Structures are given as C-alpha cells and as structure tokens.
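Visitor: Since the structure of chain A is provided, determine the placement of chain B on it from the hints.
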Amino acid sequence: VQTGLAAPDHAAELAHLVDRLGARFGLRRVMRLIPHDTHIPEFAVTRVAAVAGAPALRRVIPAEAEGREPGSMHARKAGSRLSPGLRPGSAGTTTERLEQDSLAPIRPVRLFEKPEPIEATAEVPDGPPVQFTWRRVRHVVARAEGPERIAMEWWRDERGRRLTRDYFRVESRDGLRAWLYREGFFDDRTPPNWFMHGVFA
Amino acid sequence: MTIVHLFPLPEKQPRVEIPNTPEPAYAELAVTTNFSFLRGGSHPEELVERARKLRLTGLGIADRNTVAGVVRAHMAAKDDDAADGTKTKVVPGARLVFADGTPDILAYPQDRAAWGRLTRLLTVGKSRGDKAECILFLDDLLEHIGGLNLIVMPSSTVSAGLSTVVPTDPGLAPGESRDPYPAPDREDTESGFPPARGRRERKWERQKRILHRLREAAPDSVWLAASMLYRGDDARRIARLAELAAETNLPPIAVNDVLYHAPERRPLQDVLTCIREHVTIREAGRRLEANAERHLKSPQEMERLFRKIPGAVSQTLNFLNRCRFSLDELRKTEYPEEARQGFATPQDALAALVKDGERRRYPNGMQPHIRQALDKELAITAELKYAPYFLTVYDIVRFAKSKGILCQGRGSAANSVICYCLGITEVDPEKVDLLFERFVSAERREPPDIDVDFEHERREEVIQYIYRKYGREQAGLAATVIRYRGRSAIREVGKVFGLSDDAIGALAGTLWGWSMAGVQDKEARRAGLDPSDPELQRVMALAQELMGFPRHLSQHVGGFVITRSRLDEVVPVENAAMDDRTVIEWDKDDLNDLELLKVDVLGLGMLSCLRRGFDLLRIHYNQRVTLPFILRQDEDDDRAIYRMISRADTIGVFQIESRAQMSMLPRLKPAQFYDLVIEVAIVRPGPIQGNMVHPYLRRREGKEPVVYPSQEMKDILHKTLGVPLFQEHAMRIAIVGAGFQPGEADRLRRAMATFKRVGTIDRFREKFIKGMIARGYDEAFTIDCWKQIEGFGSYGFPESHAASFANLVYASAWIKCRYPDVFAAALLNSQPMGFYATSQIVRDAQEHGVEVRPADVNQSDWDCTLEPLSTSPTFPLSSRPSERSERESGSSNHRPFGRSQTRGLLDPRFRGGDDGEKSRRSLHPRHAGMKDDIRTTHAVRLGLREISGFSENDARTIESVRGKGFDSVRDLWLRTRLQPAALEKLAHADAFRSLGLDRRDALWAVQALRRAGDKDDLPLFAHAAMAELEPDASLPPMLPGQQVVEDYRHLHLSLRAHPMSFLRADLDARGIVRHDRLPDVPNGRRVTIAGIVLVRQRPGIGNAIFMTLEDETGIANTILWPRTFEKFRPIVMGARLIGVTGQLQNEKGVIHIVGDRFEDLTPLLRRLNDASGVPPRSRADMLKADSPDRFRHPRSGDSFVRMAKTKPALTQLAAAEHAARVLPKGRNFH
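In the order they appear, the protein sequences are chains A and B. Counting from 1 along the first sequence, just add 1004 to a position and that's the residue number in the numbering used here. Counting from 1 along the second sequence, just add 735 to a position and that's the residue number in the numbering used here.
Okay, chain A solo, but in the shape it has when bound (with noise of 0.2 Å):
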C-alpha cells in the first residue's frame, strides 16, 4: 500500500510481514532463502530463519562468473515442496546479442529438492538426451542445449564418489521444458545415471 509520495521504506514493511506471519505460523517456519555461492545448483539457495534478518550479501563478482546471478531473494513460507529456481527470467532473452561468454547459465524456474531419477538415451560421450522417462511418461526430446558441466566440491567429497553432471536444457515434443543431467561419464565403471533436475516455466 502506498501511503506517500516518500518512497516506501521496504525493510520496514518486510519486516512487519515477517512479524505478522511469524505471528500466524511461528516465528520458525517462516523462512527467506539467500543466495549461496556454489556451483552447485541445489546448494546456491540456503534458507535461513527469516527473523534472522538479511545477512549482508556478499558481493562477488569473480571475473570467471561474470554475469552469473547468485539469485535473489524471496520471503516464503516454509515447508513448499519445490524450491525456487534461481532468477527464472534471464532465460530468455538469448535473442539479445550477448558477449561470448557473459551469459548466466541458465537456471530453471522450479528446482526440485531432490532430482528424480530417469531413464534416457543419448548420444555418447556428451549428447543431450534423445529421450527421456519422468514419472513413467515418455518424452521425446525436440531441442536442447547444453551440456553445462558442473563437478562436485571434491573438497566435500571424502570417497571421491560424486560424480560430475552433464546439465542439459530440454523441450520435448509435448512442450515440456525440463532441466536434465547425466551423472558421470560414459567411459566411467558405471553407466551414467539420468536425473531430472527441475522445469522451466
């Protein structure tokens, strides 16, 4: 609501809203997610305590990521199965003549918590998907992009079994945009292993 011409004061009302639905549900289970730095998609969100107020962003700006969004923020009442994605405009405007390689990865609008594993065939080594099974329905892949490798914090990583993803984007022929990757290599011990990973709008 606006009640002037003085410009509203933002941290004030979101704090009263977080008051009010701290009031409603407990002061706990209201949340806001911050941005994490991370390569690691399910990771580059944390959810903190909303009453914990908002922790000083870190300002980084890596010249290797130039461009990339660490997310935005957003106040949400705790316990939605679906997390946000992160900052699900920028996928679009890839029309826009961009710098070589100034442009964000691309991030989806919905990120599930946990990939769901599915079964796909591609080509080998780096293919996309050709297509894929989610949730017991088949989707033959239309377009895709990628792969956007990412590799596992080895630092994190104390048996050395995390593999690194192969993220593709896809649309099927249905017009299903997902957000797939590969687990580990073709030439690795194992085959790889397909997971869905979240969808765009």
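Take these hints with a grain of salt, some might be off.
Below 20 Å or equal to it, Euclidean Cα-Cα: the simulated DMTMM-like pairs (lysine to aspartate or glutamate) are [unchecked claim]:
id, chain 1, residue 1, chain 2, residue 2
1, B, 1449, B, 1513
2, B, 1043, A, 1127
3, B, 1230, A, 1157
The set of hints was computed from the structure by calculation and includes no laboratory data. Because the structure is a prediction, the values reported are computed rather than measured.
Guide: Positioned in the frame of chain A, the structure of chain B alone reads:
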C-alpha cells in the same frame, strides 16, 4: 515468462563414431603454466610431457604478461627422446592481459625481431607497474605489433582478479565519447535484474572495434579464439563467434585455454585460486572453475568438440607454422666488445692480456704442459667466440682490484690457465690440475661459467659499476624463481582449508626449515593432529603437490647478463624491488640452457673478513699480505696449517668450520691443497646420499684397496681414489659410463635440481642404469652413482668451485693459525657470518692464547681492534685496563713474539685449572702443539659493535671526540651528546671500567645525568657541581653470576666466566662429566654431559643431527640419529641448557657422544641468580613453554634480538631472573 530458445538436435547419428579418417592433428596454443603465478596448475615440463603423450603437434606457452616459463618448456621439448619419435613443437609466447578492458590476446612471435618486440612490449608494461605487475594498454601492443601472431581471446577466461584500472577505452577512436560503463562486464549481482541490454550491445561493438583495429595493424596475423566452456551455451556462443569472425574477417581458431595438464590437477588449481583470492575453499564459490575441463585434450577430442566450426582445429597447425621463432636463436646473443681496448678483435685482446699475465704469473717460464693447456684454451675460446665474455669478467675484476675490493673467481671456466693469467682466479692450474676442456669443449658447446666472489660489503660498488658501464639497456640481473617449500606450502594450503593458525603453525613448525620433504605423518601426530583425518590428509597431499611450484620471481644474488645489443630485446626486464636494479625474467638455468653468458657477481662474507685481516696485518704487523701471497707459502706454513686443520681446530675457517666438516677433518687429515678441495665438497648431501664418503675415507686410510671399475673410470676418478665425489664426476660418468650425450647429462642434473616429479627422471634413470650395466659396470656401483646424481640435484658441488673455495679455506686457516688475534678481530667485525656466534669466536681466540679485552668507552672503537700486549699478558678484569699511554707507546712494537715470551704465555699457572677464573688466558692444552706456530703479539679489544642495540653512529661519535679519553660519564655525555638510552647501553655492557666504574656504578651515574641533565643545567656549572649533586653511592657489588648474566644479556658473551661454571657443583652431583675430561673417557663408555646448545645442524635430509654443546671447559659434540631425534625433538629443539647421555665415540681424537637420552636442564640456569643471592622473581615464568617460533628458521643473533626487545631495562639492577632467556638458544643449520 520468457521464451526458451533451443537449438534443434543434431541430425541423428548412429552412436559414437569418432571420425578416424585422416588422423586429426591439433596444437594447443593457449597454455597457462604455473609461471602465471597462482593461476596455472602445472609445471611447463608436465604440460610438454603430456602434450607429447597426447600426440599434439604443437604447444604454445602463453603465460600472463610473462615469458618466464618458456625456456623450461622449450628445454623439456628438446629432451624429446620419446621412443615413437613423436615431436611436439613448443612455441614461446605470452598472454597479454590488458589494463584497459581489451580482451586477453595471445602473442606469438614469427621471428627473432618480433620476439624482441614482444619482450620490449612486456618491458614497457613492467616499467609501469610495481614489481611483478605489468600494466599494458592496447596502444602498447599496436606499437609493437609487427611480426606477432595474435589470438584474441574474446573474453577473459583465465580470470583476472578484479581489474579496476580503466584509463582509456582502447576501442574508441580519439575524440569519441567515453563509454559510460567502462568497467569490464560488471553486472549488478545484488539487484537480481538482467544487465541492461544496451550495455552489452556497446561492449559487443567495442570488441568489434578492437578487432578491426588489430586486423588493420596486423593484417593476416590475427585469429579469434574459440573455446568450449561447458556452460551449457557453447553451441550458441560458438555460433555467435562464427558471426563475429565473419564480420571482422578473422579466422576462428580452436583453443582449450589450458590451466593444467591433466584433469587431476583441478583440486590444486582450485587451491591456487583460493590462495590468490585470499579465500578459503568453502568461501570460494564461483571463483573456482565449475569443472575440470581446462586440461590438455587429444586432437581427436578437440576435433569432436569443434565439429561445428570446421577448420578451427586445423587452423592451429596453420598458426603453428607461422611461428618460426625458436628460443635457440637467442644463442647468438653476444657479449659486449667494449673490453677489447683497441685490439682488432676481442680474441687478440684476450691473447695479449694473457701474455701480460703470463709474465707475472710465470716469471720463470711456463711448464710445457701448462703452455699446451693454454694454447688449447685459447683455441677453443677463439672457436666458440668466448673472448668477449672473458674480457668482460676481466674488466669487472680489474675494476674491483683498482678499488681494493678483494675478489676471486670460481666456476668451471674460472679454473683455467687463461683466468689464472688474467688474475680472475688464484687457483693455480698446476696445483689442481683442472684442465680446461672440462669446462668448455667444442662439441659440448657448454657455455663457460665464471662466478666472481667479492667482499660482501662492497659488492654493491661492483654492481653499480656494471650498470654504469653497460647501462640498463645491456645489463640486468638474472631472476631467481622462489618456489613453495614445505613450510610455505603447508601454510598456504592450510589457510585455504581454514585450519586454525595453531594447527598450521604446528604442522609447519615440525618441518626443519626449507625442507622439500613435506610433513610426515609422525610429525603431524606429534603436533597433536590426526593424520588419518581425511581433511588433513587432503591438506598434506595438496601441500605436497604445491611444493616446488614457483610463487614469484626474485632477483638472483648477483648473476648478471650483459649483452651487446639491447637486453630487453632478448628477455623482458623489470625493475627489482631494490632501487637501481633491473631484473630479467629468466633464472640462471634458463640462461644456461640458452647459452646466454652470465657473470655471477656474488658477495662472500669470508672475503670481507680476509680483507679486514689483511688490513690488520698491514697496520699492526707491518705485513703486506694478499691472497696470492698466502697461497704461495712455504712448507713450514703448510705443515702448521694442515696440522691445525687435521685437528679440526677450524672454528671460523671458511667452509670447514661446520660440525659435520669438523668431524670429517681428523679422518681425512688434509695434507695438501687438493685434500682441501675434497674436504670442501665431500660433506654435502650428494656424496653422503650417494654413499661415497665412507668408501673414500676407507681408501684414503688404506683400509680398502683402490680399484677402478674400468680404465675410463680411472681417468675420471684417479684423483679421488676411484670414488666419485664431485658434480663433474657424476656428469662425466653419465657421459662416459652410461653413454649420455653431454647436453643430456647436463639436463639430467638440472631435472634433478629443479623439478623432481616429472616422468623424465624415470626415463633418465632407466637409461643411466641400463647404459652403465651394458658397459659392464656392476650394479652396486651403478646405483651408487645414480644416487649421487640424485643427491647432487639438490646440493651439487662441482670441483671447480671447490678448488676456489679451498683457496679461501687455506687463506683463512693461515691467518687463524699464524695470527689468531687478527683472525678473531676480522671475524668479529664481519659478523654476522659463518656458523659461530661471537661468544664462540672469542672463546676460541682465548683458547689460542689471545687476550681479549672488554669493550670500553676509552679503548674501543666500533669495530674490534688490536692492541699491543702490555708487559703482563693478562690482567685481572676487575682492575683498570691498560692505560692509553701504554697502548700508544706499544703501537710501534712490531717485533714478533720471541719464543721465550710465548713460553711465558704458556705458564702452567694459566692452564684452566680453576674453573671460575676464566679471565686468565693461555693456550688451551688442546692447542698446545701450536705454540710455535702462533705469531700473535696483540690483544683483541672488543668493539662497541658487540654491545646489543648500540648504534654504529654513536660508536663513531665516541671514536671521533674521544681524544685523550673521557674522564667521567658526564664528560663522555657532554662531549658526545649521546642519548641517555645509549649511555645506559654502554653502562649495561660494563663499558665504563676504565673510569673505575663497574656496571652498577656506571648505571647510577647515567641515571644521575638524567636527573641533573635538565635543559637549564649549564654544562660548565654542572660539571663543577657534579660531585656534590650526586654523591657516590656505595652500591653492593654485583655477584659473579649476576655479572655473567648481565654480560650475556648485553654483550652476548662474557669475558668473566662461563655460566656453566656456577652450576658445576650441581652438575657434578648429577654425575655430569666436564667436556675437558672427555678425552680421558674410554671409547664406548656411556657418559652424561651437559652444556649450552650452540649449534644444531642437520646436513641433508634424514641423516644424523649434530649438536654442539659448550660448558666452561670446552665444546662437546653430540650426534643424534633421526629416530632419537624424533623421540626427543621438543627437548633438542627447545632446550638452551641440555643434558645428553650416550655412548662416547672417540675416533682419532674426534669425540662424539651418540646421544640416546636428553634432558632439558634449562631451569638450572635460574640458579645463576640464586647463587648471587637474588631470589628469582617468578619461577612459573621460567618454566613456561617457549614460544613456538623457536622452530622457525634461525637468524643470527636471534635470541638476543628478541631478548633486547622483550626485556627492556625495567629496573637496572638485578632484573636477572630470566637468566635462561639471556643465554643463546643455539643456531640451527642445514
């Protein structure tokens, strides 16, 4: 919502199918080595090795604004003896990183001229930045663009830190308005909104303009790099790139922008990024690479990745072919010819100068074989055109001599008849029989190598002379690559993993100094860390990997490269941290590889010491002594000196004073010059690890027959009884015995020295062992030789250097033997140098019958001086020292000591019977045999320099205004105008004795000055009234123990008594044996000794540790085996007074205690004060663990510096409870 544009799937292909039609070929042109500090994750050698394995056609080395790593890569490529004959052409270049937002550009010279332009370009950039910074603008490149092949990397992918320097916009033509958003690609990460479309548009346009400008400036020499980033949008990016390439008419070229040779290096590269960005690995986030793709890839893989841009991969071969420049072309770089002095050619000049010198050196004519050698040397020099080099060295040496700077050349070429005649070296070819072809032979084409040592205090004059004469365009210092060592690697990696400072300190602290060996599990456990913890394991593994990585370039101690043409057209030059110095980017190995001649202008403390000794001899003994003079001594000298050396009586003698050397001397028993050469070289890790020392000793002692495995080995090894000891031996064996090419042998040595993990070592090893065995050598000998080569890798010692050093050994031993007073004074005035601290030098002099007199305001200068002995050779310290008049009257007395007087010195009264009375001096019984050798007639007066914290300026003031002497503290104060704090230091050091004031009285008087010395206190009046103002207080005299403690506190030594003497009763009760009794203990008996730790030394790695202890009767040596050391490490490293129990070994008079139990007796030192009746103030304090920094690398006088800082004179008197801290904690050496 926005629309997601997706690319159509590629046409369906039936699985896999890597087209194997014509074998794909690829050259990787964007390679970052670890000479892009904290960016590249692999050594150049590793990259080359890997490229060869992958069968890459070529490899372009392009580090960030530097060419520091190219020589290594170049040489690695030349080592190419891969069995399958695959060759990888390595081309040198640089990655130009600009400060103005221009994208990175890889620049590769087409020819020699273009190389010169590239190095000049980098020199320009370096001249702008501070050290290690290079600030380049696009205009700089455009100025130097001729002949360069350029690859534009469309945007920085090797991340620049956060470059904020944006001076001009290179894309703009002059007059155009500035880009409103000049900052490179910065997007607002907080708002979460996509960046303004317009901004990108402008950047795009700007990039295009840059490309156009480049293309105009260098038509047909600009390429556009395409790389796969695996960010999901590669296909789109590549399409856009193709568009850009078409628009600008530049061919796209495939690169992988390599950061490491193999994907396994990703963790290390991430760690490097963290070190660079000062973050922990957990904070680093997207500063790190997302994946491990930036490694060298095979041509097949590159072909597959770039299948969408036909031609991009094959373009690399095109590019490679246009890089025709090879670093080998720099070999023709010549030395300046200025030195030829009017002769037609440098060779003529050299011949003439040699002729001159010959008349001087060989007044009676040359022996025929020397003449023959000389002729041969001149012929080779002429053939290889080395004359200008010799002349340049000659010129430098001549300059030094004209200024009276003592110098001596060494190195393979230095020990030649030519250099002997030119006066560059004093090594008499006749004496040493070092033949010239060893240094240069036509077919080996090895560059001659001459290092010249100068007095370390005057080397700067020589350096400035060189700069003056040749200018910065022609002369520059070589670089030294500073690498990560065990400790620094652990520290950095530990920080990256967020280990606490304590944990890092504990890990790093357990390393012995600079070791490259890494932290052992055991050490980690001792530091209280669990080595099985996966994180710790990771830290240790990564630290191990990081070790040996270059971290920055520093200036070499004195290696000069001098060229006839511009130096900056050979190699980039930058300003050194030190003013007035310029440094090139290559180190001495690089220069050696490229056969660029360098002269090492080095500083050597011993030369300063010798020069001081010569000066003192001239002044006090009227002897004109020079280096050649000493070296031409007669047999009498020889006998005396070798006798002294054989007794290991060598404290202070150049090179052979270390504990390990001393334990070798009595076994080796040097009796001639060449034995000294061997002695200098034998106690080194090379021979020790190579298992060469004991066989040599056995053969020398006649316990083992001297046999040679073959005639060719006899030729090489006859001088060392068939045992390879010198670096030259190892190389010659590789050549003669194992069939190596000479150049190969040299590279082998270097491969060992600089970089051990590369697979080439194994190849060399295999080849060496196979070669030797094929030629019929037995396996044990072969393996020993190989071990020796390995040992030499880390610390090689060539015969040619040993020979020159042996000269200085002899010269310093001569002074020590003949004039121990001169020697002690010269050595003290040259401190810090050598192994021993002041107190040991003084003690040693005293044991040689030299009277050492205390520092005193009325007698001492800044430096230690010599005073003629008064009639009574000793005087009690408590009485007033000799009068000035005495000192002056005696100064004309140069008459050597008559024999009867020497006997007087040896009066049995003075033999050290009474422990408390060390003030009486005489020849120690140990040195009694030298009584006829010593010619000393002077006493040493300690200089004011020995007083902790006393400044040279103050001392010089005292010297200059002293006149006939000071008659009171006040007189001194008024005339010198010294600060009361400085006077206090003098008082603390007990330097007012000549005024009849002891320490307490003097301090009292100084305090009185403070009170009386107000500004309205008129000097004249005050002077008269002084006596009434401050009546003499009758202070209780300080007790001996206290005095000694105070002496140590302020002088680092005491002329009164040894602190141990006050503890003797206690020690006796513990059954501790005095050091002077040790010779009477039967060999093999267990004994317990105790002493102040003087020196700990651990030569090489994993060998015995030597520890030298001192008590009031002498020095004792203990050996610890590594296992014992591990067990008692904290005590051994921490104790100042230590008790050692172990078996006594007496080998030909060399006594060692092989310690197996150690006890920290440091707390006993507290009693020094107890004895004097002052109760220690806080015992708890005494027992407090020492700070962890005792583990750090020692610096001379360490403990005292700390002492002086942490213990200001709180109360003047009796603040002595920290007696233990006052005593030295021992110096550590390797």
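Visitor: None of the hints should be skipped; say for each whether it holds.
Guide: Going through the hints against the structure:
1. B:1449 with B:1513: 15 Å, holds
2. B:1043 with A:1127: 16 Å, holds
3. B:1230 with A:1157: 18 Å, holds
Hint check: no violations occur; every hint is consistent with the structure.
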